[in-house]
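Novice: Letter by letter, the chains look like this.
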Amino acid sequence: MKKQNLKAWLYLLPAIAFLGVFMVYPLFDVVIYSLEEGYNSASQSFFGVGLYNFSYVLHDPYFLQAVKNTLILVVITVPVSTGLALLISLGLNSIKTLKNLYQTVYFLPYVTNTLAVGLVFMILFKKTAYSDGLINLLINFFGGRSVDFIGGPYWAKMMVMCIYTVWIVLPFKILILTGSLASVNQDYYNAAKIDGTSKWRTFWRITLPLISPMLFYLIITGFIGAFKAYSDAVALFGVDLNAAGMNTIVGYVYDMLYGNSGGYPSYASAAALILFSIVFTITCVNLRTRKRLQF
Amino acid sequence: MKIVLEHVTKRYPNRNRKIKTEVIAASDLNFEIPDGQLIGLLGPSGCGKSTTLNLISGLEPPTEGRIYFGETDVTDLPPEKRGVGLVFQNYALYPHLTALQNIMFPLQNLKGENRPSKQQMEERAVETAKLVQIDQLLERRPKEMSGGQQQRVAIARALVKRPGVLLLDEPLSNLDARLRLQTREEIRRIQRETGITTVFVTHDQEEAMSISDSIVVMKDGAVHQIGKPQNVYDDPVNLFVAKFLGTPPINVFTGEVKNGSLSIGEEAVLRVPGAPDGEVSVGIRPEGFVPDENGAFGCGLDRVEIMGRDTSVVFTHPLMENEQGRAVISAELAAGLSGDKVRFSLKPNKTHLFGPDGERIRFDI
Ligand SMILES: Nc1ncnc2c1ncn2[C@@H]1O[C@H](COP(=O)(O)OP(=O)(O)OP(=O)(O)O)[C@@H](O)[C@H]1O
Ligand SMILES: [Mg+2]
Chain A
229 MKKQNLKAWL YLLPAIAFLG VFMVYPLFDV VIYSLEEGYN SASQSFFGVG LYNFSYVLHD
289 PYFLQAVKNT LILVVITVPV STGLALLISL GLNSIKTLKN LYQTVYFLPY VTNTLAVGLV
349 FMILFKKTAY SDGLINLLIN FFGGRSVDFI GGPYWAKMMV MCIYTVWIVL PFKILILTGS
409 LASVNQDYYN AAKIDGTSKW RTFWRITLPL ISPMLFYLII TGFIGAFKAY SDAVALFGVD
469 LNAAGMNTIV GYVYDMLYGN SGGYPSYASA AALILFSIVF TITCVNLRTR KRLQF
Chain B
941 MKIVLEHVTK RYPNRNRKIK TEVIAASDLN FEIPDGQLIG LLGPSGCGKS TTLNLISGLE
1001 PPTEGRIYFG ETDVTDLPPE KRGVGLVFQN YALYPHLTAL QNIMFPLQNL KGENRPSKQQ
1061 MEERAVETAK LVQIDQLLER RPKEMSGGQQ QRVAIARALV KRPGVLLLDE PLSNLDARLR
1121 LQTREEIRRI QRETGITTVF VTHDQEEAMS ISDSIVVMKD GAVHQIGKPQ NVYDDPVNLF
1181 VAKFLGTPPI NVFTGEVKNG SLSIGEEAVL RVPGAPDGEV SVGIRPEGFV PDENGAFGCG
1241 LDRVEIMGRD TSVVFTHPLM ENEQGRAVIS AELAAGLSGD KVRFSLKPNK THLFGPDGER
1301 IRFDI
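Residue numbers (my numbering), protein chains in the order written: chain A, 229 to 523; chain B, 941 to 1305.
I should point out that these hints are in silico values taken from the structure, not numbers from a laboratory.
Some clues are possibly wrong.
[What the hints assert, rightly or not] DSS-like, lysine-lysine: derived pairs with alpha carbons at most 27 Å apart:
1) A/Lys421 with A/Lys324
2) A/Lys327 with B/Lys960
3) B/Lys1159 with B/Lys1051
4) B/Lys1058 with A/Lys421
5) A/Lys427 with B/Lys958
6) A/Lys421 with B/Lys1183
7) B/Lys1083 with B/Lys1058
8) B/Lys1183 with B/Lys1290
9) A/Lys354 with A/Lys296
10) B/Lys1290 with A/Lys421
11) B/Lys958 with B/Lys1083
12) A/Lys421 with B/Lys1051
13) A/Lys519 with B/Lys1083
14) A/Lys327 with B/Lys958
15) A/Lys231 with A/Lys324
16) A/Lys421 with B/Lys1070
[Claimed, not checked] Label-pair restraints from in silico Cβ distances:
17) B/Lys958 with A/Arg516: 51 to 57 Å
18) A/Tyr417 with B/Asp1153: 44 to 50 Å
19) B/Val1066 with A/Cys512: 38 to 44 Å
20) B/Glu1125 with A/Tyr239: 48 to 54 Å
21) A/Phe508 with B/Ser985: 22 to 28 Å
22) A/Tyr417 with B/Asp1013: 23 to 29 Å
23) A/Gly311 with B/Thr961: 20 to 26 Å
[To be verified] Residues on chain A that point at chain B, a partial pick, calculated with CB under 7 Å:
24) Tyr416
25) Asn418
26) Ala419
27) Lys421
28) Ile422
29) Asp423
30) Pro437
The beta-carbon is built from N, C-alpha and C at its ideal position, and this holds for glycine as well.
With the hints as constraints, model all of the structure from the sequences given.
Specialist: Written out as structure tokens, the structure is:
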């Protein structure tokens, strides 16, 4: 038994070494940075130790804006994308002809570069003094007035951002869900059919519980992914996200390190730790509910 | 409720598009299952047993032919309107529901006036659970139960709606030998108590023979013989049926009929009046051999095996299909056997002749 354990640890050693160097050590470093007040990266010196960095970040309006943006993004895109993916997967699962074609079509965005998709979104939604994007042409066609989705009001930008995020994360979720739907044993459905179970009840009482582990997986990874959103915002609104008012928490961290206002690793570390604690808490809550609901 | 199949055929298109022929899973099935009987549907793997069951349950529509329950034509009725209970080969219990919830599930589907109150549902579920003796385990999930217990939950779920027809698809195939014996008796008891017309699918001939009122022997989608188990065993219509039924299996030799006398090799072993002259396959049941010093049939003696109350003689013969044959005899007669030769006389009612096409050739006993 002891020997077995030793062997197991030996097998895990390379992974542990890598994790130690690239995860645990930087994590400690981040904690240390976040506690060093007035750190100067040029002279590598600092005044003192304390929680001032956290206090600064938490009072920084840019950070608060980033938190607000990120939260809106999480709260809207995770349920919407998961629900939409479920609907599409159910549809895909029930059609017979051209199923593979549709599956490929739905998966294409996943293999397309985020920035390229961002460009397409910009073209679709943009409005300049001279020309309107496709969406605005549609709005005009139905009698509405053009909106500048990329450089206009906050709600418009947020909407584009949400649609874009949903679009980006959808293919992977569809892939996973069609897979898990197809793997549900057909006998359950036959049994339900013999017993005269309605379609609706079959879905709620059989399909949903049977794919719930995958659904939970998608929700948890969805939360984590949405909290870490950054490149999506850049793809749509460019690098100066603070000016656009569309910054995310990760974007804020990046800006603090390298952006115009860069050179503040301590603030960046503090913000990163705040993000970490939010994601960590939510994941724990998720895992808990999952355990409670699991069969 | 009586079940009637009339010229029922099921064809599947071939998956491989290059092959134009279709898969015939059931071809021209014609039989009637009398009300309240337990029928064993028997045949080797892939012979169309599950297909037949699916046709009766309505999960698959027949390509041709009609199916009647009692006097009603149910061919075009969807499964839920036919009032059947089906126990799947792998039970298909909902893994996230407890035994009680599984059993109640069909009742919760009922609508309108038929729908019992919550309390009635629970009462009926518990009542059915008592019938299959799992009322102690109602709070367990399927994975917390043994194979036999799961199987009984599956039966209870099929029975709770009080169906007119109960269909069981190889329900015992996942169980160990002892549990299998026990559970098949259980199924027999439940069937007797409820009086539900039951179709029981299996590829195990012993299982089918032991509990069925009648057996239907199938091969390659076609029915070969129908009848009481003992009758089918004693009087098989062809070589396939003869070989398929019986443990130890029937011993098959090549022989020849000439002037009403059957010879295997040089020896004339049996009078077979009425049989036409020609080459035949001779099937002799293990209990058809009687050791006899002056017997007509000589074989090589390999060994004598005593297993429990059975004594079997393992013998060899150059014209036998298999390398070794088996004769089951009484212990007293076995005592006299020694050396490497043994002579038998044959029981005419345990000896069957089959033509080159496998069809039975009858002779006067
Ligand atoms: N959906 C299908 N499409 C094509 N062929 C099928 C289909 N279902 C069954 N078959 C074929 O029909 C034949 C009968 O199948 P069936 O499942 O009824 O066999 P079975 O007697 O139940 O065998 P087992 O004892 O292995 O369960 C097989 O040759 C099978 O390959
Ligand atoms: Mg089968």
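Novice: Evaluate each hint against the coordinates.
Specialist: Results for each hint:
1. A/Lys421 with A/Lys324: holds, 19 Å
2. A/Lys327 with B/Lys960: holds, 23 Å
3. B/Lys1159 with B/Lys1051: Distance of about 41 Å is beyond 27 Å: violated.
4. B/Lys1058 with A/Lys421: holds, 22 Å
5. A/Lys427 with B/Lys958: violated, 36 Å
6. A/Lys421 with B/Lys1183: Roughly 38 Å between the alpha carbons, so the hint for A/Lys421 and B/Lys1183 is violated.
7. B/Lys1083 with B/Lys1058: Roughly 26 Å between the alpha carbons, so the hint for B/Lys1083 and B/Lys1058 holds.
8. B/Lys1183 with B/Lys1290: holds, 13 Å
9. A/Lys354 with A/Lys296: Holds, at roughly 24 Å.
10. B/Lys1290 with A/Lys421: Roughly 47 Å between the alpha carbons, so the hint for B/Lys1290 and A/Lys421 is violated.
11. B/Lys958 with B/Lys1083: violated, 43 Å
12. A/Lys421 with B/Lys1051: Holds, because 15 Å separates the two Cα atoms, which is no more than 27 Å.
13. A/Lys519 with B/Lys1083: Measuring from Cα to Cα gives roughly 17 Å; hence the hint holds.
14. A/Lys327 with B/Lys958: Roughly 21 Å between the alpha carbons, so the hint for A/Lys327 and B/Lys958 holds.
15. A/Lys231 with A/Lys324: Judged against 27 Å, a Cα distance of about 53 Å means the pair is violated.
16. A/Lys421 with B/Lys1070: Holds - the C-alpha atoms of B/Lys1070 and A/Lys421 are around 25 Å apart, at most 27 Å.
17. B/Lys958 with A/Arg516: 51 to 57 Å: This hint holds: roughly 55 Å between Cβ atoms.
18. A/Tyr417 with B/Asp1153: 44 to 50 Å: violated, 32 Å
19. B/Val1066 with A/Cys512: 38 to 44 Å: For B/Val1066 and A/Cys512 the Cβ distance comes to about 40 Å; the hint holds.
20. B/Glu1125 with A/Tyr239: 48 to 54 Å: Since the Cβ atoms of B/Glu1125 and A/Tyr239 sit about 51 Å apart, the hinted range of 48 to 54 Å holds.
21. A/Phe508 with B/Ser985: 22 to 28 Å: violated, 54 Å
22. A/Tyr417 with B/Asp1013: 23 to 29 Å: Since the Cβ atoms of A/Tyr417 and B/Asp1013 sit about 26 Å apart, the hinted range of 23 to 29 Å holds.
23. A/Gly311 with B/Thr961: 20 to 26 Å: With a Cβ separation near 46 Å, A/Gly311 and B/Thr961 fall outside 20 to 26 Å, so the hint is violated.
24. Tyr416: With a minimum Cβ separation of about 6 Å from chain B (threshold 7 Å), the hint on A/Tyr416 holds.
25. Asn418: holds, 5 Å
26. Ala419: Status holds, d = 5 Å.
27. Lys421: holds, 5 Å
28. Ile422: holds, 5 Å
29. Asp423: Given a least distance of 4 Å, the restraint on A/Asp423 holds.
30. Pro437: holds, 4 Å
Comparing the model with each numbered hint stated earlier shows that hints 3, 5, 6, 10, 11, 15, 18, 21, 23 do not hold.
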